[in-house]
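> Protein chains in written order, with my numbering: chain W, 5 to 280; chain X, 5 to 280.
Just so you know, these hints were derived from the structure itself, not from any lab. Since we're looking at a predicted model, the values are computed, not measured. Any given hint might turn out to be false.
[Stated by the list, open to error] Some, not all, of what chain X presents toward chain W, calculated at C-beta under 10 Å:
| no. | residue |
| --- | --- |
| 1 | LEU11 |
| 2 | SER12 |
| 3 | PRO13 |
| 4 | ALA215 |
[Unchecked claim] Where chain X lies over chain W, by a calculated footprint (3+ residues, C-beta under 8 Å):
| no. | stretch |
| --- | --- |
| 5 | 31-38 |
| 6 | 129-141 |
| 7 | 144-155 |
| 8 | 163-171 |
| 9 | 242-255 |
Where is the CB? At the ideal position from N, CA and C, for every residue including glycine.
Protein chains: 2
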Amino acid sequence: MTVEPPLSPRTGRVKAARRLSSRAARTRKRRFVAEGPRAVREALAAPDAVVEVLATATATERHPDLHGAATAAGVPWTRVGAEVVAAVSGTVHPQGLVAVCRFVDLPTASALSGQPRLVAVAVAVGEPGNVGTLIRCADAAGADAVVVTGNGVDPFNPKAVRASAGSLFHLPIAVEPDPRAVVEACRAAGLVVLAADPAATVDLDAAEASALLAAPSAWLFGNEAHGLSDALIELADHAVAVPLHGRAESLNLAAAAAVCLYASARAQRAPDRRVD
Amino acid sequence: MTVEPPLSPRTGRVKAARRLSSRAARTRKRRFVAEGPRAVREALAAPDAVVEVLATATATERHPDLHGAATAAGVPWTRVGAEVVAAVSGTVHPQGLVAVCRFVDLPTASALSGQPRLVAVAVAVGEPGNVGTLIRCADAAGADAVVVTGNGVDPFNPKAVRASAGSLFHLPIAVEPDPRAVVEACRAAGLVVLAADPAATVDLDAAEASALLAAPSAWLFGNEAHGLSDALIELADHAVAVPLHGRAESLNLAAAAAVCLYASARAQRAPDRRVD
Chain W
5 MTVEPPLSPR TGRVKAARRL SSRAARTRKR RFVAEGPRAV REALAAPDAV VEVLATATAT
65 ERHPDLHGAA TAAGVPWTRV GAEVVAAVSG TVHPQGLVAV CRFVDLPTAS ALSGQPRLVA
125 VAVAVGEPGN VGTLIRCADA AGADAVVVTG NGVDPFNPKA VRASAGSLFH LPIAVEPDPR
185 AVVEACRAAG LVVLAADPAA TVDLDAAEAS ALLAAPSAWL FGNEAHGLSD ALIELADHAV
245 AVPLHGRAES LNLAAAAAVC LYASARAQRA PDRRVD
Chain X
5 MTVEPPLSPR TGRVKAARRL SSRAARTRKR RFVAEGPRAV REALAAPDAV VEVLATATAT
65 ERHPDLHGAA TAAGVPWTRV GAEVVAAVSG TVHPQGLVAV CRFVDLPTAS ALSGQPRLVA
125 VAVAVGEPGN VGTLIRCADA AGADAVVVTG NGVDPFNPKA VRASAGSLFH LPIAVEPDPR
185 AVVEACRAAG LVVLAADPAA TVDLDAAEAS ALLAAPSAWL FGNEAHGLSD ALIELADHAV
245 AVPLHGRAES LNLAAAAAVC LYASARAQRA PDRRVD
C-alpha cells in the first residue's frame with residue numbers, strides 16, 4: 005500500500021476549510037467544520053453530512069472505527085499534518101481530526117413536521133457557546149427540534165459546534181431569520197408557544213402545576229443581555245419565568261433553558277399526563 | 005476641591021492588584037478582583053469585602069451610587085486611567101471599575117451552620133466559568149451555601165468571579181481541599197448527600213417522585229471530563245442521574261447542576277412537602 009504524503013497546508017482545499025471560520029464563507033458554501041473524535045463520529049452518523057475528513061496519522065491510527073465509517077460511507081479521509089488540523093479547527097488542542105461538513109439545517113416547516121412535542125427556539129442569541137449548549141440541552145431533554153432565529157450567531161459557528169458536543173447532528177435544526185415566522189410555524193405545528201421571560205408573572209412551577217407544560221410546546225429563549233423583545237413576548241401564548249429563589253438577578257441562558265426544557269420533559273412524560 | 009492625578013499604572017498598589025490574576029498571589033494575599041458595576045455593587049453590599057475600588061473618571065461619574073456606597077463604608081475609591089482598569093481586570097471591556105476584595109470564604113462548618121436545606125458542592129471543577137456559573141445557579145435556586153472542593157479551580161479566579169455575576173457575594177462560600185471532609189461536614193449539618201452521576205440507576209424524576217429530594221440535601225457535582233470519583237459516589241447517600249431523553253451523551257456541568265438544584269428547590273418548596 006502506497007502512503008501518500010500529507011496534504012500541504014497551502015492547498016486550496018485546506019485554505020477553503022480554514023475560511024469556514026468566517027460566517028460569510030460558511031453561508032456562501034453552506035459548509036462548516038466539526039472537530040475532534042466525538043463531533044466527527046456524530047457527523048459521520050448523520051446522513052450525507054460529511055464532505056471529507058482531515059486527520060493526522062496519529063488520529064487515524066487511534067480511531068480506526070471512524071476511518072472505517074468514513075470509508076464505508078464513501079467519505080474521503082485525507083492524511084494531514086497536525087498544523088493543518090490546528091489551522092482548520094482554530095483550537096489549541098484539536099485532537100488530530102476535523103470533518104468538513106455540509107450545513108445540516110432543514111426548512112423550518114420540515115424541522116417541525118411529525119407532530120413535535122418539545123421544541124427549543126434560540127432568538128438572537130449572541131454567544132456561540134450558548135447556541136451550542138442550548139442545542140445540547142434540547143437534545144438531552146428529548147426535544148424534537150431546535151430553531152435558531154433572529155439576528156444572532158449561527159449554529160455552525162465553530163464555538164457553537166464545539167459546545168453542542170455532537171448534538172447538532174442529533175436532532176432537526178432550522179435557521180430562520182424572522183422570529184415571527186418561527187412563532188407562526190410553531191403554532192401551525194400544533195405547539196403552544198412559551199416565552200422564557202424573567203419578568204413574567206407566571207413562574208415555571210406554577211406552569212407545571214397547572215398542566216400548561218404538559219401540552220406540546222415550543223420554548224423561546226432570548227438574547228443574553230436583552231432577553232426577548234416585548235413584541236415577541238406578546239406574540240407568544242404564555243410568558244413563563246424561571247423562579248429566582250435567592251438573590252441572583254437572573255440565570256444564565258443555557259441554565260435557564262435547561263431548567264425550562266427539563267420541566268417540559270418531566271410534565272410531558274409524567275405517567276398521569278401522557279397524552280400520546 | 006482638589007482633583008488628584010490618576011494613580012500611575014506603575015505604583016505598587018496597581019502592580020499588586022494585577023498580580024491577583026495568579027492563583028498563588030490570590031492565595032497568599034487572600035485577595036481577588038471583582039470587575040464591572042454589577043460585581044462591584046454586590047461586593048460593596050457584602051460586609052467588609054472590599055479593600056478598595058479603582059475607577060476611571062467616566063465610571064465614577066456614571067455610578068454615583070457605587071461611589072456613595074464606597075464612601076459610606078469607608079472604602080477608598082481611587083481614580084485611575086482606563087489602562088489600569090484593563091490591566092487589573094484582564095478583560096477587553098472592563099467597564100471602567102474594579103474592586104480589590106478580601107476572600108469571602110468561610111470555614112466549611114460556618115458556611116453550613118444554621119440548618120441549611122440546599123447546598124451545592126463543586127468537586128474538582130476545572131473550568132473557572134463553570135465554578136462561577138454553578139455559584140450563580142445555586143444562588144438562583146435558593147441554595148444556602150456553596151462548597152468548592154478537590155483539586156479544581158478556586159472561586160476567586162477572575163473568570164469564576166465574572167461568571168458568578170455577583171452571586172459570589174450573595175451566599176456563604178467555603179473552600180475545602182478534601183472532598184471527604186466536605187461530605188462529613190454536610191452530613192454533620194443534617195444534609196442528605198446526593199452525588200450527581202450520569203451512570204446512576206436512580207434518575208432525577210424518580211428521586212423527586214420518591215420524595216427523596218424534599219429532604220435537606222447537598223448535591224455533589226464533579227469534574228467536567230471525569231465526573232465524581234467512584235470513592236466519592238460510594239461515600240454519598242444516593243447517586244442520582246439527570247435523565248437523558250434524547251441522544252446527547254451528557255449535559256454540560258452548569259446545565260446539569262441547574263436542573264438538579266431546581267428539582268430540589270421545587271421538591272422542598274412544594275406546599276404538600278414543606279417540613280419547616
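> Three or more residues of the stretch 129-141 of chain W near chain X by CB distance under 8 Å?
That given contact holds, which follows from 3 residues of the stretch 129-141 of chain W lying within Cβ reach (below 8 Å) of chain X.
> Quick check on the hint: PRO13 of chain X CB to chain W CB, less than 10 Å?
This interface hint is violated because 30 Å lies over the 10 Å limit.
> Three residues minimum, CB to CB under 8 Å: does the stretch 163-171 of chain W make the cut for coverage by chain X? Let me know.
holds (count 4)
> Does LEU11 of chain X pass the interface hint, meaning its C-beta sits closer than 10 Å to a C-beta of chain W?
Given a least distance of 31 Å, the restraint on LEU11 of chain X is violated.
> Holds or violated: is the Cβ of SER12 of chain X closer than 10 Å to a Cβ in chain W?
violated, 34 Å
> Three or more residues of the stretch 144-155 of chain W near chain X by CB distance under 8 Å?
holds (count 4)
> Using Cβ atoms only, decide whether ALA215 of chain X comes closer than 10 Å to chain W, and label the hint accordingly.
violated, 15 Å
> With a C-beta cutoff of 8 Å, work out whether three or more residues of the stretch 242-255 of chain W approach chain X closely enough for the coverage to hold.
holds (count 10)
> Using C-beta distances, would you say chain X covers the stretch 31-38 of chain W, given that this needs three or more residues below 8 Å?
violated (count 0)
Checked against the numbered hints above, the structure violates hints 1, 2, 3, 4 and 5; every other hint is satisfied.
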